[in-house]
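So the sequences go chain by chain: G and A.
So in the working numbering, spot 155 of the first sequence is number 156, and the numbers just go up one at a time.
So in the working numbering, spot 139 of the second sequence is number 572, and the numbers just go up one at a time.
I should point out that these hints are in silico values taken from the structure, not numbers from a laboratory.
All residues carry an ideal CB built from backbone N, CA and C; glycine is no exception.
The reader is advised that the hints may include incorrect statements.
[Stated by the list, open to error] Listed next, the stretches of chain G that the computed footprint assigns to chain A, with coverage defined by at least 3 CB atoms under 8 Å from CB atoms of chain A: (1) 46–55; (2) 81–90; (3) 93–99.
[Claimed, not checked] If you want the footprint, here are the derived chain G segments under chain A, 3+ residues with CB under 8 Å: (4) 29–42; (5) 105–113; (6) 131–138; (7) 149–159; (8) 172–183.
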Amino acid sequence: MILVLGYSSESTVQHVLERLRHNSVAFDFLDFGTLRECRQLQVSGNSEDLFLKLDDSEFDFCKYSAFYCRQYHADLGTPQRNRALEHILGWVASYLESTEATVVNRPSAGMLNSRKLDQLTDLQGCGFDVPETLVTESLEVAQSIVKPNGLWTSKSCSAIKTKATIVDVELMRRLPLLKFAPSTFQRVIGGFDVRLHVVGHHLIPLKIESSEFDYRFRGEGNGNKFSSDIQIPPAVEIACRRYCDQEGLVFAGFDFKVDAERGWVVLEANPMPGFDYFDRQEALSGAIGDALCDVLTRKPVRRSRVPSPQPLIDAMRRPTLSPFR
Amino acid sequence: VKVCLIRSGPSHGFALLRQLQRHCDLVDVCHPQHMSIERVSIGEATEVDVRGRDLEDFDRIFFLGVPGFDLMHQTERSYAYEESYSAVLSALRHIDHLVVNAGVHLWTSGQLRTNQHFLRRLAANGWKPAGVDYRYDFQVGTLEKVVAPPARDEEKKLLILTQRSFRYLPLTTDPIPFSMLDEIRATQQWMASERIDLLGLSVALVEGKWTLYGANAQLESILELPDTADLVADVLC
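Put together the whole structure using the sequences plus the hints.
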């Protein structure tokens with residue numbers, strides 16, 4: 002039996018539930034959103050088990066063989082309910098971190114997603130080609146390196162979703178605002194986008210061609226072209242598996258730019274992919290959700306380290322140029 | 434010892450500030466203008482200016498948060514705060530051997546910086562955590578803790594651990610239960626492997642054995658306790 006944890010109002014959770022039903026997988030659903038309305042809540046546990054009861058719905062965690070979890074704080078309207086949610090999330094996270102069952106994903110997996118520069122450093126260490134990147138809140142440093150020549154983009158340093166923007170004259174005028182918050186500046190990589198989902202041993206790529214620099218802000222069904230007809234280079238596949246293994250990720254969404262000259266350049270790896278947007282495209286038709294069902298219904302396997310295929314990685318690795326030289 | 438204390442505002446971690454002022458050459462960073470992230474990039478030395486000094490020049494760094502978030506008045510962290518927080522952690526990564534409790538602040542997911550997580554981890558080190566059984570009744574607005582720490586004050590203790598020493602509070606001449614010394618040593622080894630310098634445990638002696646009720650790695654709340662000055666010194670060594 003599988004336990005899905007999340008908010009029923011969220012489209013990714015709705016999609017997961019739909020794919021589980023489609024694949025006839027038995028599951029329970031712990032909807033954190035019901036804490037807004039529920040009358041009574043019980044949280045019981047020890048170092049080995051966790052039991053939650055929301056009104057009449059009971060969840061004894063040790064009876065589940067796999068978990069799919071999208072947990073984060075949402076405002077439930079009252080301080081008492083928010084405290085209760087925080088309490089539950091703390092216990093759920095500590096249980097999921099330590100259980101032997103399959104967990105998609107454990108709370109510690111891919112934690113550097115909130116520090117994009119650190120994540121890129123680790124991705125590079127796994128053999129990926131990464132763009133030249135710097136973080137600064139110094140006007141002088143930014144002006145000495147970044148020019149409005151179409152070669153630089155500006156984006157956020159943290160996990161907050163922002164639109165990646167090409168640095169132009171207008172953005173250069175706003176650089177003095179750096180004194181209020183640092184920003185990430187990154188070399189622009191040309192070519193098309195690939196979103197590659199790794200789900201256990203499944204790798205599911207999706208090629209995206211867009212007239213927008215950041216295709217995510219194009220709008221669904223409004224100009225982005227999707228295709229699953231794309232070959233993953235062996236070295237990229239190995240680097241993905243190494244990174245997932247290193248970070249403890251069962252499920253991850255990698256974003257690439259594929260440039261005619263540099264090849265596949267990774268931009269980031271999402272440890273809690275909101276994958277329903279991609280999975281609903283005709284090119285995939287639920288393939289990611291189906292792979293997720295497969296992973297959740299397999300027997301948990303002990304994690305093993307992928308042996309280092311160093312020659313392939315060395316062949317792929319390119320030195321990341323310093324933005325300061 | 435040159436120490437940098439980075440905290441989210443002037444009222445945050447005030448007791449720790451006072452302790453450090455007594456012991457160290459201290460630079461207190463508590464306003465956004467105290468800190469400037471000059472440059473952080475992949476594979477290169479970082480440059481973070483704190484009140485005219487480079488962050489890498491300190492012997493130890495206490496990191497409680499990034500300046501710009503007033504715990505007393507703000508409920509949500511701003512975009513600017515999140516960006517600064519992320520950038521500062523990226524800078525600290527390169528000098529994480531200087532950061533006190535780096536294993537918590539830099540290398541533990543935010544979801545796991547909780548009492549619950551540390552209780553589970555300590556259970557794996559031989560401790561016996563008390564179970565939890567909380568009942569919320571939202572209709573009447575009550576929270577009943579069915580399993581609660583012992584009511585008698587003399588049974589409640591706070592055990593503060595560094596990697597080399599420990600302190601049993603309130604100060605007492607009662608001997609530490611001999612059987613618990615193994616757990617203390619195992620926990621100190623675990624702290625070293627997890628890069629945790631300081632950890633506070635709420636324990637109670639029940640029928641000759643310690644039961645664990647809480648675990649806390651928040652520096653500011655541990656070191657605001659009395660009789661912890663020598664523990665600060667121990668961490669700074």
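Query raised in the report: Going through the earlier hints one by one, which of them does the structure break, listed in rising order?
Result: none
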